[in-house]
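Using the hints, position chain B against chain A.
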Amino acid sequence: MNLHFIVLVLALGADPRTEYVPKLGEFPPANVGVYHAGELVTVDAINRRGTLRIVGNRDLDKYHSSEAQPFVLLPYAMVRYRGAPAELRDIPIGTVLHAYCVYPLNYSKNEKRPRLGLFVEPQDHAISLEDSFSFYERRGQAWKIESIEPGKLNVISTGPAEGDGPLGRQVFDYDGSTRVWKGKQIGGVADLAPGQLVQFNFTWAADWGMGRLHASDVWVDEESRSTAADLQRQIHIRYMRYHWLPGWIEHVEDQGGGKGIVTVALFGGSDPSLYEQAKSASMISIAVAEPSLRTYMHAYDSKSGPLLEVKTIPQPPFGHSGFTIRVSIAELLEGYRPGRIVRVRPNDFPAAKLPPEERIRN
Amino acid sequence: MAWRSVVTFLIAAAWADLAPAAVPDTFDTVIAPFFRTYCNRCHDGKVQKGEFRLDTLSRGFTLQAEAERWSEIRFRINSGEMPPKSEPQPKAEELAKIVEWTSTRLAEGEAARMAQRGPIAYYRLSREEYANTIQDLLGVHYDPMVPGALNEDPRWHGFERIGSKLTLSPSHVERYLKAAEEVVESAFPEQGNPFKKSVLDPTKGKERWLEERGLKGPVRALLWPNRRLVTTIFWNGSIEIDKPGAYRMRVRLSGVRPPGGRAPHLTLWNTQLRVSVYDADILAPEDEPITLEWTQSLSAGSYALWNNMPGFDEVGNTAGTGLNNRQNVFTNSRDVGHLNPVGLKLFDDNRVAIYPLLILDLVEWEGPLVSEEARRKREEAWPRNLAVSPPPMVKGTEKSKSPPPPPPTLEKEVARASLQRFASRAWRRPATDAELDRYVKVLESELSLGESPASAYRSALVGILTSKSFFYLKEGSLDEYRDQIDDWELASRLSYLLWGSMPDDALFAAAAEGKLRDPQVIRAQLARMLTDEKIERFTDAFPQQWLQLHRVGAVAPDRRLYPDYDTWLERSMVLETKAYFQAMLRENRSLREFLISDWTIVNERLARHYGLPVPGGPGFQKVKLRPEDHRGGLLTQASILSLTSDGSRHRPVHRGVWVSEAIIGRTPPPPPPNVDPLEPTPLNEPKATIRRQLEAHATHAVCAFCHRTIDPLGFAFDHFDAVGAWRTEERVDGGKGANPPVNASGVLSDGRAFDGPDEFKALLAADLDRFAEVFVGQLATFALRRVMTVDDAPRIKAIAEAARADGYPLRAILENFVTSDLFLQR
Chain A
1 MNLHFIVLVL ALGADPRTEY VPKLGEFPPA NVGVYHAGEL VTVDAINRRG TLRIVGNRDL
61 DKYHSSEAQP FVLLPYAMVR YRGAPAELRD IPIGTVLHAY CVYPLNYSKN EKRPRLGLFV
121 EPQDHAISLE DSFSFYERRG QAWKIESIEP GKLNVISTGP AEGDGPLGRQ VFDYDGSTRV
181 WKGKQIGGVA DLAPGQLVQF NFTWAADWGM GRLHASDVWV DEESRSTAAD LQRQIHIRYM
241 RYHWLPGWIE HVEDQGGGKG IVTVALFGGS DPSLYEQAKS ASMISIAVAE PSLRTYMHAY
301 DSKSGPLLEV KTIPQPPFGH SGFTIRVSIA ELLEGYRPGR IVRVRPNDFP AAKLPPEERI
361 RN
Chain B
363 MAWRSVVTFL IAAAWADLAP AAVPDTFDTV IAPFFRTYCN RCHDGKVQKG EFRLDTLSRG
423 FTLQAEAERW SEIRFRINSG EMPPKSEPQP KAEELAKIVE WTSTRLAEGE AARMAQRGPI
483 AYYRLSREEY ANTIQDLLGV HYDPMVPGAL NEDPRWHGFE RIGSKLTLSP SHVERYLKAA
543 EEVVESAFPE QGNPFKKSVL DPTKGKERWL EERGLKGPVR ALLWPNRRLV TTIFWNGSIE
603 IDKPGAYRMR VRLSGVRPPG GRAPHLTLWN TQLRVSVYDA DILAPEDEPI TLEWTQSLSA
663 GSYALWNNMP GFDEVGNTAG TGLNNRQNVF TNSRDVGHLN PVGLKLFDDN RVAIYPLLIL
723 DLVEWEGPLV SEEARRKREE AWPRNLAVSP PPMVKGTEKS KSPPPPPPTL EKEVARASLQ
783 RFASRAWRRP ATDAELDRYV KVLESELSLG ESPASAYRSA LVGILTSKSF FYLKEGSLDE
843 YRDQIDDWEL ASRLSYLLWG SMPDDALFAA AAEGKLRDPQ VIRAQLARML TDEKIERFTD
903 AFPQQWLQLH RVGAVAPDRR LYPDYDTWLE RSMVLETKAY FQAMLRENRS LREFLISDWT
963 IVNERLARHY GLPVPGGPGF QKVKLRPEDH RGGLLTQASI LSLTSDGSRH RPVHRGVWVS
1023 EAIIGRTPPP PPPNVDPLEP TPLNEPKATI RRQLEAHATH AVCAFCHRTI DPLGFAFDHF
1083 DAVGAWRTEE RVDGGKGANP PVNASGVLSD GRAFDGPDEF KALLAADLDR FAEVFVGQLA
1143 TFALRRVMTV DDAPRIKAIA EAARADGYPL RAILENFVTS DLFLQR
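Read top to bottom, the protein sequences are chains A and B. If you're matching positions, the first sequence starts at 1 in this note's numbering and goes up one per residue. If you're matching positions, the second sequence starts at 363 in this note's numbering and goes up one per residue.
Calculated from the structure, these hints are not laboratory results. Any given hint might turn out to be false.
[To be verified] Partner residues aside, some chain A positions facing chain B, computed with beta carbon under 8 Å: (1) V252; (2) G256; (3) G258; (4) L332; (5) L333; (6) P338.
For each residue, glycine too, the CB sits at the ideal point set by N, CA and C.
Isolated chain A, as found in the complex (with noise of 0.2 Å):
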């Protein structure tokens, strides 16, 4: 976003942060978007949308009536489970989420949109998508366990006390489904203690309405943390080096006769390992892709090449890994235009064919 935008909405009096509009090819700035909290009750994991039933606000109206809140997750979204980068595919329903969203791409308020539900803010396209454990811990918080009453936890949280979504003192539930994890093990109820500087991770609650909510799972050591984040740290990994690295055209430089150089940015919020692997590649595939990341029959509707240069971006935008690549490529596809989003594969990364219901084939 530039300046002159955020001059112009707070000259208007809008807030900048809620106001934003992105579009393709262009980052967008620090701080943006509206803040839903809420429990994932629906999901299109292969086209990356959803929707949240957000949380309660003791406005009963809006308990008895609102309907649930979509979301669609932006390109460069950035999307993190039990502290790990993840795919909407690893969150199990239920789970409540913090999301950061934006109006749609290219949105203009004279569009013409379906309606929207009751209570719906129109900002629904997410630049972030947590659980609690990776929200809070994101932020240097976690939650202090004072007191243990049957049935509730009386908590506190630590690191900052500012900040979206409950802080301060506050009443989790919890009963025996709450899933106690404890060094590399599951633990039960018995090992929750006073005293304990544990991270939650949260589900509905009977009275959500009137803001509880439910403890799905506490870890409550150090130990549990780093276990639970790398298991999902490698599920990613392992979907990412199958689906390839998410970027967009910056830049193409044609060569004549088919021939030019494509300058990609890779979006972030992937391991770095992943990212590494990019920068060392001596090959780079190039497949076209869809705002939602899908990809047409990649391993074959691609074009590789070999990497001329990477690019390292010492203060990246959001969104952006902070790595651009320069690929020569033989023959350019319709695809490579500036702000087109593409998927990308360092030659040691798999180049098998996805099952048909993620291409995009019609």
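The following block gives chain B in isolation, referenced to the frame of chain A:
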């Protein structure tokens, strides 16, 4: 072959080392001593080994039996079978001399047999001439190349009209009958006027698609390199022609190319015959389409518009194609969001074409069209007051109420007069009453069987077209033996020479007056005929046959070695040679310029192939050549250099033989049987040029001797690869090291040395008298439809000599020829 031998016979210095002495070789000086030394011990009257005697062998070559016996002797000696290894062996020079002498005599004998003429000589029309004649007779387009139409004509050294070759079989008769029925039906259709107008509009049916996507349109069909518009996912783009004939085509399109790249090339492609019927490079900005409009003859069948140049395979994914049933429609290079993103990118981000692209808006075609002249000819051939087609059907109840119209009547005398007019034109001479009676009988017989008058009359027309008087040119008469052709025969000889077809009314009129033999009259007719557009048939057919251009592309060049080669280049090569000949005739240039010149006629495609500056305008243009271009004359045209190659490599021996036959007028003896082919260079040996391999290869004594004479004529063009592109080193697959440099030097058999094609051409041009005689001989073979013999040689020489003082201008040669005894005699 034979007449060329004769020319060489007369100009004994042609192959000096084969005829070094002032006294020509004879049986007594060459053959008899050889037989005595090496053969007669086993093949005389006493031993007669293999029941084969040489001591009583006839010295004649004219009779078939004699020729076969001599051919057997040549074969045995040439193959090294005789004399047997256990016997004394002749030297290579002796072997070569006997093979050469025998080959020359055999060729003379063959020529004499092929040129034999009785009181009447019949020369069947070639199928090309048949089609031309039908066109000029009735204005009907008949394509003899369509499968199932007329048989392919056998060629003799490229010539397709040699009478002794064009025999008649039952299959020909059957096809002539079928062809005549088709022609008559086309000219006088039973079902009324078949005229139809058709349109292909890519936007049609896509309006809703555009609206749904907020696109303005129109939809334009994008043809990337090698893309044909036959059937596509979104548009059935084939052009269907039901009735053969003249069609007016209209195509609105743009043609864009990448900076510095080739122009896109539009071809109208007959998908059944697999031939191009229209070609044009197209350049028009994307937003400023042009409309091409032309009229041409089309055979029945399917046609596709094709961006004809090497490119992506038909199945390749390109931005304009559908992917997995997803419909992608091109509108313009601004709106690319809906194109297939995993197809190849066709326009860059600044809307500049990445490949040569054709963008089609509209295709319209209408026909068959009938010209006023064709209408008049048809009216003359059809009895007045006789309806060609029945009146339209009366529908429904009216039919029962109204009495049927009275059957049209046909007055016999009117019909006879019409048949008389038609037969006299078709047969190219007045039809006699006795001849006509047969066709009037056909008419009456059909009528008596209940056929309608129109149908009966059609049968009579078919009869006239299947008469031998139509598909044969007759010279001479049974009543008297005459040396001279008559005026009607002369008119046909002239018109089939210049127009490949029947005489027109003016030529008929001159023949009818009986003054055509008057040199003034024939000169006037020649001058008139040269200005008629039908002269293109001569400038097309004669170079085609003389230079054997049918061989261009006969072996498709290897796509791996010549990735840029395409059918347009191939066609352009042939068109260059024909356009060159046309310009030579139009500008009345010296025959010398067939050998050496500082100009040629190229289009953009050829200019790029030759490395010449790209001409400014579209189509073929005359361009000035610089010495460093290494072109000029026929011999360094890509057509000639290609037809003497085999698709993967140049063939110096083939090139040598071609130069020897077409330019020097001499057919070398055939190679010995069972010659091993050249092997590819082994991987562990240095790369070697074909020349080096040939030199190492010619180990057989006879091979080496003849190749010494043939090969330099081919080596002179070693700087040109198999598709006629200039090179300084020869690409050699396999072998070690760098590609070897080209060596295009050599020594002619008379000792004159040359280095490269330019010096070689200069040597040929220095002996223009010889070439002029060769050229006249080729022209006479084409015109007189027979092989030239020893007897013709003095007259050929005289024709050429008459133009010598003026420097052999082409029109003078032609004029001398058509007024010569040779042309006027049978």
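Hint by hint, here is what the structure shows:
1. The closest approach between the C-beta of V252(A) and any C-beta of chain B is roughly 6 Å, which is under the 8 Å cut-off, so the hint is satisfied.
2. Interface hint status for G256(A): upheld, as the beta-carbon distance to the closest one in chain B is roughly 6 Å, under 8 Å.
3. Checking G258(A) against chain B by beta carbon gives a least distance of about 5 Å; that is within 8 Å, so the hint holds.
4. Satisfaction of the interface hint for L332(A) is found here, the shortest Cβ-Cβ separation to chain B being roughly 4 Å, below the 8 Å cut-off.
5. The beta carbon of L333(A) is positioned within 8 Å of a beta carbon in chain B (closest approach about 6 Å), and the interface hint is therefore held.
6. With its C-beta approaching chain B no nearer than about 7 Å, P338(A) sits inside the 8 Å limit, and its interface hint holds.
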